[in-house]
Amino acid sequence: MFNLLSLSWRNIWRHRSRSLMTVGAVALAVFFTLFYLSFLGAMENGIYNNLTASVGHLQVRVEGYREKREFRDLLIPNAAGVEAQLAQKTQAARVIALEVPALIAGETRSRGALLLGNQRPPEMRARFIQQHLVEGTLPAVGDLEGIALGQALAKALKLRLGDPVYVYAPGTLGRGAAAYRLVGLLRFPDPAAEARSAYLSLAAAQELAAPGSATRIELHFPFTRYTQDAQLGPIQAQLAQQLGPGLSLESWKEVSPAIAQIFDLLTPLVLIFAALFFGLAGLLVLNTIYLSLLERTRELGVIVALGAGPAQVTRMVVLESLLLCSSGALVGGGLGLLSIAALSGGFSLEALYGEVGGVFGLPETIYLSLRAWDIPITLGFALATGLLAAWWPARVAASLEPVEAMRFTA
Amino acid sequence: MKPVLQVKELSKIYKVDTVETPALRGVNLEIQPGEFTALAGPSGSGKSTLLHLMGGLDRPTAGEVWLDGVRIDGFSKTRLAHLRLWNLGFVFQAYNLIPVLTALENAAFVLELRGEPREAREEKALRALETLGMKDFAHRRPNQLSGGQQQRVAVARALAAQPKIILADEPTANLDSKTGLALIEHLRTLNRAQGITFVFSTHDPRLLERVDRIVRLEDGQIAA
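Chains A and B supply the protein sequences, listed in that same order. Under full-length UniProt numbering, the first sequence has 54 at position 54, and the numbering climbs by one with no breaks. Under full-length UniProt numbering, the second sequence has 100 at position 100, and the numbering climbs by one with no breaks.
Derived by calculation from the structure, the hints in this document are not laboratory data. Cβ coordinates follow ideal geometry from the N, Cα and C atoms, glycine included. Please note: incorrect hints may appear among the correct ones.
[What the hints assert, rightly or not] According to the in silico footprint, chain A covers these stretches of chain B (three or more CB under 8 Å from chain A):
| hint | region |
| --- | --- |
| 1 | 7-20 |
| 2 | 49-58 |
| 3 | 91-103 |
[Claimed, not checked] To give an idea of the chain B side of the interface with chain A (calculated C-beta under 8 Å), a few residues:
| hint | residue |
| --- | --- |
| 4 | F75 |
| 5 | A81 |
| 6 | L190 |
| 7 | Q194 |
The shape of chain A in the complex, shown without the other chains (with noise of 0.2 Å):
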């Protein structure tokens, strides 16, 4: 026995090659929305994982230091004090960093560089060494002899692992120069980075240019961009409040702001190419709709006469939509999600966009994974394409006159 929803089904397939081509499109808009949410999704992941490893959550600096131009006026004074109270306040893991700009020279030649040096948690510089080391390996926390350098820097200077490399930091507060031996080559995904990347330990870097003083402290907490990132601000604003005089607690979105501002537009992107995608989905959808209407013009009048309301009308019409939009979103749904878990893994997009991902931060492996909300902005989508494409269908098919719909020859 049948009801207006077996109805609706019966109707929609009576045309079936029709039918096939509308639930195809709609499954197309599920598929591709789903599947551009989940990476863009991973990309945002992606970049965020890289800035925060690489900057922190939270950092704390001198107040005002994008206005300061001398290096002593950037220094954080008794650093280890500072990490130290920080250290009462919460178990983030926390970085001891201090910038030197300096000349670096080998035998021969010499470049301008940033030199790091800092002081990393074991597993932080784990990470680190995995990721970035290609050859050697990092100066260990207190050596004041090693030095590692971007390999595209120590291949300027014409060095090799064990050449002497030579370190001028004019202005410091620290010897101002020092000679060290290369013990380690770093690859980084941006070559210009690559290029002016120079790392020491912590204390071989305030040796040189500030004895006992950091440009900065970062702070790391074990946080995904999706499901915890919110939690930063209340952290920050307590934090900051336990500061002493003459420092300021940033987040990575103050310390970053054009790359928060990327975030920020990646979702409304997202919805926009969403939006599209159904919308011409939804084209279909409404040109199924009513040529199937107009094909049963005689039918309806007869529906309308035997006692049908405009409110059953509607509710049919409205019907045969949503089972197309929701046949379309079964199928695109399913195997957009078949897809995003063989992917899941993780794959590569180096040989997409090269060298120039890494300048915009761009990881350079993929992990497709869906947010919680991502299955039902794409269902709701399908939802909203079916009511909207049925919406004027609907109201011709409400308002026919039954005597006129029987008597119409399509």
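Since chain A is already given, all that's left is putting chain B on it; use the hints.
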């Protein structure tokens, strides 16, 4: 006795652009409960128009339509639909069954619109099909039925809903004489057995021979 259907000074003018074609001109008519009435007349005399106006399927240009003592010609679209659903049954010349539904589902269609539970509507629809000798064809679709069988399913659809009045527009026009006659006998039996009021538009002499009353229309008026 209070008429179940009544029209007073009923007129209908069809207008196409600036051309006006009068279909009914001041018709007055009363139908009593249980009557088996035929609206007869040549093509274009206004039979179908009168039937449509009495059934709330169309709106008059002037005049009044009363159903069971209630004036219905000013009803809204929704109220008219409700009125048709709960009070009237229709049988059309071209059967007008829904092709994707079986005979049983077609017969139960009005009951589905009324929101009756599945079992109740299936039982009523089956009974109506049985009355018309169509029980064995209950699970066939319209394209698997002959014209006469389809028309009997259409009558079963009207009958299953147990309306007060069944309005039939040339119900035998597309049937051969044997099938048409059999259908007329069925309708007559139902009228006598269940007291349902029937009003037909027809120019089929076989049907006219079997009705209680013939209302003859000529040029949109009731002939003297």
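Right, here's what the structure says about each hint:
Counting residues of the region 7-20 of chain B whose beta-carbon sits less than 8 Å from any beta-carbon of chain A gives 0, not enough to reach three: the coverage restraint is violated. Coverage of a stretch by a chain is defined here by at least three residues with a beta carbon nearer than 8 Å to that chain's beta carbons; for the region 49-58 of chain B and chain A the count is 4, and the condition holds. For the region 91-103 of chain B, the stated coverage by chain A holds: 6 residues have a C-beta nearer than 8 Å to a C-beta of that chain, and at least 3 were required. The interface hint given for F75/B is violated, since its Cβ lies 12 Å from the closest Cβ of chain A, which is over the 8 Å cut-off.
Hint status for A81/B: holds, given a least beta-carbon distance of 4 Å to chain A, under 8 Å. Of the supplied interface hints, the one on L190/B is violated, with its beta-carbon coming no nearer than about 18 Å to a beta-carbon of chain A, more than 8 Å. Annotation: interface hint on Q194/B violated; nearest CB of chain A at approximately 19 Å, more than 8 Å.
Of the hints listed earlier, those the structure fails to meet are numbers 1, 4, 6, 7, in rising order.
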